[in-house]
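Protein chains in written order, with our numbering: chain R, 1 to 308; chain L, 1001 to 1426.
Just to be clear, a hint being listed does not mean it is correct.
[Stated by the list, open to error] Covered stretches of chain R, as calculated for chain L (at least 3 residues, CB under 8 Å):
no., stretch
1, 8 to 16
2, 68 to 76
3, 98 to 108
4, 214 to 226
Hint data in this document are derived by calculation from the structure and do not stem from the laboratory.
Glycine included, every Cβ here is placed at the ideal spot set by N, Cα and C.
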Amino acid sequence: MDNILQIERVSKSYTGHKALDDVSLNVPRGAVYGLLGPNGAGKTTLIRVITRITLADSGSVLLDGKTLTANDIFKIGYMPEERGLYKKMRVGEQALFFARLRGLEGREAEHRLRHWFERLSIADWWDKKVEDLSKGMAQKVQFITTVVHEPKLLIFDEPFSGFDPINANLLKEEILGLRDRGATVIFSTHNMASVEEICDHITLINKSHNILSGSVEEIRRSAGGNNFEVLHRASDTSFEQALAGRATTIGQSVGVVGGFRQTKIHIPEDRDIRAVIASLNDNCELRALREVMPSMNDIFIRAVNGTL
Amino acid sequence: MKKMYLIIEREYLERVRKKSFIIVTLLMPILMIGLMVAPTLMMLYSTSDQKQIVVIDKSGRVADKLQPSAEILFVEESILSKAEACNVYNEESGIFGVLYIGEEIEARDSVQLITNSSLSPMLEENIATQISSIVEREKLLAYDIDNLDEILANVETNIELSTYLNDGTGAEESMESTSSGMNYILGLVLGMLLYMVILLYGQMVLTSVVEEKSSRVLDVMVTTCTPFQLMMGKILGIALVAITQIGIWALLVISSSKFLLPTLLPADIAATNDMMLGTVVGTLGDTGYIAMLFAYLLLFILGGFLLYASLYAAAGSAVDSVQDGQQFNTVIMLPIILSMIVMTSVFSDPNSSLVFWGSMIPFTSPVVMVARIPFGIPTWEIVTSLIVLYGTFIFTTWLAAKIYRVGIFMHGKRPSWGDLWRWIRQ
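Take these sequences, add in the hints, and give me the full structure.
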């Protein structure tokens, strides 16, 4: 696969603790890549290593297969967690300053910024002072200043923090839009809902180690453990009997809706699903059967606790 | 270059637009004019009460010849004894004091001034001079010379020494006139000016660097421009702020002293001011020479400011809070104070090796060289000094950028020598 960014065996320690221990990961071109992990796991340190704000003690970071240099950093878009704006400056001026610092011409920068401000419905903040903005508002401004020069690689540190659900959604849409226009997006978060919705790939970092890496689809499937949801006529008495030896029920039946009962079952990997379906079909009035994938939240918690 | 320009612009506009900047810029000239005008006005219009001094002249030679002035009025009461006078003319009497003159004026402790409150050195001087000249004149009269006053007026001499720098032609029209007194004042003023400018604006550079480090703006800046661009941009931006503010001050003060002061001050005092300025300009030489001197002065003061500002930038890069940074203040100021000391020896010998090196070493050269220039210094020395000064400024800024960068790398870590070496090479 074509990787835009490769991180190879990166370690970084601070006085007293190791923030990153032998972390490797590959970011495919055009992906939305999530860096997950509990607080203090080393996500921000990893991002700061990628952006060369800090240097790794060992290991290397490759961009397009070549060692990342200081000049490369000027071409990417990086948004720190928060407080990444000059407090005393006015919003519009500040956005223009950063846009021009990132290489846009004054007129072009203003044109694009006005467009973005309209898009995120903050056009009337142009003349406000940054110190008068709320956390979420400032985050929107930061977001715009990060993406306005349309870099190929975008890195966001906790982009969703400080946002209400409506604005978080707005931001998700924008991130996906950027991906569709050809950018690769890396962001760190512990907001699992956002991961399910927009990430193609993730890396889960816990206690400075990379404990899980891969495409979201594959991870969920492999963590799924062949669990299914069955919808069948509530009056069926032979449901348990039909499963016997082929599958086991998990937990309590969820409830009865419109005469149908929903039950979660587990089919061991060596069993044939078709046989289960056939048996159920013969014995009960089967309405539906579908695979249940674990939520990223479950996977996150299980991975962190080491029970995945 | 474009990025540096953007940083300069940002630093400049942020400061210049501040309300505090505008207020201080407008208020300062008012205060300065006030300082210039107030003492003169106070001298003119204050009815300083005349001090009455009771004179007991046992010699009988002085009392009637003492001249009263605006400050002192002498009242003779020679019949009283010293003790009686002191007794009567105590604090409640409203009399300032008692001047006692013994029979033998020139004997030790013979002339005494006993006052009820503290007396000014000026008053003391006034009385002492008056008595001395009265006695002197009395002695001269004893020689019984005819036309004594005429002779005395004739004897009084005042020689003016014109000094020139030898250019080998022997024609004084072509030789530069020099003036050590003027140079001395110029050097002193420049030293003070540089000191004040650095104190006022150097701190700004430090604060600017430190404040940025305490927020995540640092992350954004580090990923969008090089530390050198950032440091240089900050220093030049603040230098522009300084130039703007001082420029406005100069403009306001000069224009108001031209147009406002004459209306505030009586004509004769204003005329004296103009004359003094005329004398200053006159002693310095022709206008071309003054323009050149002024150009050098600006170059050196700007260079001096930039160099010291870059030192502040380096200090700011090395610390985490403004308070910590202020510790460096004394260290940074020391060379300026040193240069003012070295400067004073320019006037005993403008070409001594101490002074020569003082005007070459960039930390002292702005003050010392400017004091030397009016004495006629070879151009190569001035140019070399300027190159060294500006070169050092660029080097210190580069160094500040390195310290800044390594400071960020060092964050949260006790670095090994290996780490430091690796970081510095980045």
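Status of the hints after comparison with the structure:
1. 8 to 16: Holds, because 3 residues of the stretch 8 to 16 of chain R bring their Cβ atoms closer than 8 Å to Cβ atoms of chain L.
2. 68 to 76: holds (count 4)
3. 98 to 108: holds (count 4)
4. 214 to 226: violated (count 0)
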